[in-house]
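Number of protein chains: 2
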Amino acid sequence: MANCLVAQSGGPTSVINATVAGIVKANQLNPVYDTVFGGLHGIEGIMQEMLVDLSTMSDEENIILKQTPASALGSCRYKLKRTNLEDFKTIFEVLKKHNIETMFYVGGNDSMDTVAALSEYAKEHNITDHRFVGCPKTVDNDLMVTDHCPGYGSAAKFISNTALQTWLDVNVYTRQEVFVLETMGRDAGWLAASACLSGVIDVLILPEVAFDKEKFLTTVKKNITEKNKCYVVVSEGARFENGAYLAAGEAKNDGFGHAILGGAGYALRDMILESGVASRVKVQDLSTAQRCHATDQSLTDVE
Amino acid sequence: MANCLVAQSGGPTSVINATVAGIVKANQLNPVYDTVFGGLHGIEGIMQEMLVDLSTMSDEENIILKQTPASALGSCRYKLKRTNLEDFKTIFEVLKKHNIETMFYVGGNDSMDTVAALSEYAKEHNITDHRFVGCPKTVDNDLMVTDHCPGYGSAAKFISNTALQTWLDVNVYTRQEVFVLETMGRDAGWLAASACLSGVIDVLILPEVAFDKEKFLTTVKKNITEKNKCYVVVSEGARFENGAYLAAGEAKNDGFGHAILGGAGYALRDMILESGVASRVKVQDLSTAQRCHATDQSLTDVE
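Protein sequences appear in the order of chains A and B. To convert, count from 1 in the first sequence and add 274; that's the working numbering. To convert, count from 1 in the second sequence and add 274; that's the working numbering.
Looking at chain A on its own, in the form it has when it is part of the complex (with noise of 0.2 angstroms):
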């Protein structure tokens, strides 16, 4: 029997491990392949030859693998160019040189274009031998095909929970107070919108639409005036209808061109202020907490 080769890529979540040690249990159940590689830190491993051995987890260790947020094996951001054709050269080394007929790869859309990049690579050279498997995972729900994405949900339920629970906190006071949650969510607005589930919203702010500061501190007078409360959601990914990010300030870029954000909130918090509809603001940046809770509280038990 030929090998297979796992590898995680692109943001951790807290559920990418799940579909690592599932395929392990599958081959375990219905062996397919001969060994099992996990492949470490994605594509930028695979190509030195950082493989291990997962074929013989026991039980207890996939169960452990399932539950542990993060990508156990690593990740990377190596962005796999078509016209690097040594890039592609030495990955089909690897594959060869390991047997290893099928090549699952777990991440976000970046990944699955490195596995249609390889699959093209693949037929341009007539190498039938290899084939390569992306299995969806992103926090943000906007991988294109899937309609709930692996690590959506996971982080939606700690965002909805944190909702509530910070929205608790804040009603615990008569004081005027506006409580603003910062989630994930580059271009897509599903982090944010998932804080609905809560029931206790005032405001979102979803970076599909265009940021309107007039109506937005509009809408923040009205609820402190009938309630003198305010809770806002805000995606990272917000931005003026000029296409600026709120967070304009601290944008920086990955290796991607993506923009690094964080501080869409304390831009709320800012414009509140300075407008004076209201004196108090709480900022509540979820930042990376968000896509590394883990589904099972047992990790550590301390009470």
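What the hints contain is simulated information worked out from the structure, not anything from laboratory work. Ideal placement from N, C-alpha and C gives every residue a C-beta, glycine not left out.
Okay, the calculated bits of chain A under chain B, using three or more residues with CB under 8 angstroms as the criterion:
(1) 334-348
(2) 550-563
To give an idea of the interface, some chain B residues facing chain A are shown, with a C-beta separation under 10 angstroms as derived from the structure:
(3) 319
(4) 342
(5) 556
Since the structure of chain A is provided, determine the placement of chain B on it from the hints.
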């Protein structure tokens, strides 16, 4: 039989409602008081006779209350001054009018001071038919006489879990990176120190120990040199030897003269980037989420 009153004060916790649920339940099992009143918004609401009858709470409501974070009866930040005799008169009038023999006050050091002030006033005025019982509450674990204060355990569990989870996240990439986790803790380092239960912390910065910038940067550099990563936990109340908060630029004051903190993590990020010991720093400010995290995750079940 006489009645009793329970009220909540100060910042919420994940378990402050469990104390109220316990008082109600105990009186149902072993009736000492005719009616258990809940006072809304602490001492401030009590002076306005904002009382509700909790005596008839069902078992189901009791279980829900026990698992719900934040202060269900509402809270206040009203400072009961010993010189303001009008306030004392008002409170004792309300207690007398509703035949309240015992007042339970759930809160932190400021609330315990309120309890002491009411007891002293009663003693000085030979009032013997009312007594005042303080019920400990604080996430900071800095409440005098208590060893482990209700509120600390749940916050510590959330912090140590989040530390482990974000550490797993930051380690999926091979790139150089410093991660800074900011916790609450104005004067007490218990919350920040709880992150050590995760076993992954490289640098811990507590308010009790004067912050040494040079030493800090040297330690960060050592970790970066050794493993390309450094995981830092900082208490919001961390300060320099001269007493200035790391987050001094953003510090304001609340009604008690306490500094409103936040921003110690961003202050460390700026120091690291300016010094050049690392080029990438991510900050996670746990903010409100750490004190209102539901001890049971069943609040909403979307997956």
